[in-house]
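Undergrad: Chain residues, written in single-letter form:
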Amino acid sequence: MTGISRRTFLRRTGMVGGGLLASAALTACGGSSGGQAVSSGKVDLGVWTHDPGYVKTFTEMAKKLTDAPGGKYDYNLKFTQADSEALVTRMVSQGAAGTGTPDLIGIVISVFPRVMNGGIGKQLLLDLDSTIAPVKNDLLRTAPYTIDGKLYALESDTCLSVLYFREDEFKKNGIPEDVGTWEELAEIGARLHQKTGQSLGMVSTGDNTSVTNQFLQLLLQRGGGYYDEGGNLILDSPEAVEVLDFMAKGVASGFLISLPDPYGAPNTAALKNGKLIATVMPNWYNIYGLQSYVPEQKGKWRMRNLPRFKGGGHIASALGGTGFAVLKDKPGTTAATELLRQTYLTREGQLLRFQKGGFLPTLKSLYQDQEFLSTEDEYLGGQRLFDIYTPASQDSPTFYQNAKLNVLIEALGGPMLETLQGKKKAADAIKEAVAAYNAKKGG
Amino acid sequence: MAAVTERRTGSGAPARGSGLTPYAFISPFYLLYGLFMVVPIGVGLYLSFTEWAGLGTPLWIGLDNYTRLLDDGSFRTAVVNTLLYTLFAVFVVVPTALLVAQALNARGLRGRDFFRLTFFMPVVLSPIIIALVFTLVYDREFGLLNAALRGFFGWGGIDWLGEPSWAKVSVMFLVLWRWTGYLTIFFLAGLKNIPRELYEAAEIDGAGRVRSFFTVTVPMLRPVTAFVAVTVLVGTAQILEEPMLLTKGGPGEATLSVAMFIYREAFTRQQLGYAAAAGVVMFVLVFAVGRAAGSLFGVGKGR
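Here the protein sequences come in this chain order: R and L. Going left to right, the first sequence walks through residues 1 to 443 as full-length UniProt numbering numbers them. Going left to right, the second sequence walks through residues 1 to 303 as full-length UniProt numbering numbers them.
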């Protein structure tokens, strides 16, 4: 320490430290996501997702696009993987800070209502209407990610609900695989439960989201819904009462088993010990559910389209999904939009997504494509998947979201559970839920 | 004093900037304290008077959030549930921890370290593991608890997580399981500090084990008990993890806590102003009750 006193050293250190703190504070308050838009060449993109399947898919597509002769961009993707709720929370807070938002983000369908609030989606996300324009009529699912008529995210998976069933158990118990209606299957299920203690489906009795999800699948299939296209609540309908009543009666007869949710340990136990030998779940449940929980039952499971309700409706339903959105006004916005377009709106991209992550095509025309049609699933005993998915894709209901969907789920969960437990009539539960929703939804 | 000042400044003339030097030295603390404590509290308070989804300019709405809270049945449910959890923690978990500590402190106990490890284990276990295990323990169809009840008593069809009242009990039991071992550590430390002679004197006076516990252990542990009780009270009033892990506030809102209510309003409904108002109310309640309990138990006072 030459030529400088201890006091001077401390003073200077203090000033430098204070300066650093002040600059950090100022940066946090200000900042900008701006910069010159990258129109070609090397581009760094931040991609946020909750699912490793998307990491594989986008990595592969980015490599293909970069390596393609005459490729416009040299993509360098930086992935951030986290819980789906946390991703949106962080995106909003980074958006408020004006810096650090991703270029591309996967928003789970049940989390999307958050960005429908307070103009978040409109302020942060790119309106994708012009991007999808060439294939607009070919896209299967846009409603859940639409805000005021504009599309802000592209669905990753059609999430078609089917009936998975144990072929061996059906044969053993003489249950026909082609039962036409839910009502017939319920009668068979009640008899089966009395005889063997087995069930042909499940209802969730866990948290409100799980409780309502099972109901939503059947409600959409029956032709009902939570909201209409204009965002108006349509839950108070004969279809909703009928479906909830059907579920409650199913639980009472043993046709349906009560489990906290279709994912946890109790559900796995029910599958493993053969108590649950059929279940209604979307296509992704094959990989993320059955194959994970009961790999030893490989070859024993099959799937079919849903039995119809006598009163009408569809042969399919849908549950879940993830919409990928592009953050607007960023240097990488154009490059990110191009990556998303190539991955989601081209045949090559859709095939890649199906191969890498098992995501079903979101373009109607591809349900007639030979490469998809010839796909067989070993776990499902070599079954040709698109023999089921193609008709399902042609008769799948539309799901409309609303910014207040989370309020509805909280309002609906309790009364619905009481109905499933036999303590409340279905009609009363629906009325109670609607009243609670109207009281809590606010402005 | 003048001489001292002269000696310190050396030449007698005040050095340039010397008045700011001490402040520069202590500034890092105040800067950090201001940035990460005062500013967030101030912003939170301000937000509680606004309507804000997280982006754009918050809209000033005065006391609307507070009046809305008073009419909100969910918030009332959350307050009542939190009160139940807190009472349970103070009046059941704390005494249980004391009894466990007393048992672990017994002379000649074999496997003491094993028991200590076992009781402390829940504190260090990952919340995800706890959620997985307890979901299976509590399950109505396949749960360990119902299986045990069926095995021992011939009945056991309780829907632990599906029935509102049982769900509350389940959350409370998880609180008991998770925190008893942690609190036991404080009581064990306190027990080690009680002079042996006091027990010997009590024994000479003819006191049995129970009498010694109430006349020696409990009074001597009063400062530790007070600290533990107030800490538990304040901590449980902000309970989030247990109901979140086990029931996500359900069935319906039967196990919803105030902290969960705040989380839900802020991070699933983007009503940050409303959540901030609930946070302010929670702060006022916890602060008031914490202070009252501190005075009641004599926290910080000498023996």
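Heads up, a few of these hints could be off.
Below are the DSS-like pairs computed for lysine-lysine, each with C-alpha atoms no more than 27 angstroms apart in a straight line [claimed, not checked]:
id, chain 1, residue 1, chain 2, residue 2
1, R, K150, R, K172
2, R, K431, L, K192
3, R, K78, R, K328
4, R, K441, L, K168
5, L, K248, R, K423
6, R, K64, R, K42
7, R, K150, R, K171
8, R, K310, R, K298
9, R, K425, L, K168
10, R, K440, L, K168
11, L, K168, R, K424
12, R, K425, L, K248
13, R, K441, L, K248
14, L, K168, R, K431
15, R, K440, L, K248
16, R, K424, L, K248
17, R, K136, R, K431
18, L, K192, R, K423
Simulated from the structure, these hints should not be mistaken for lab results.
Undergrad: What hints, given by number in increasing order, does this structure fail?
TA: Hints 1, 2, 7, 8, 17 and 18 contradicted; others consistent.
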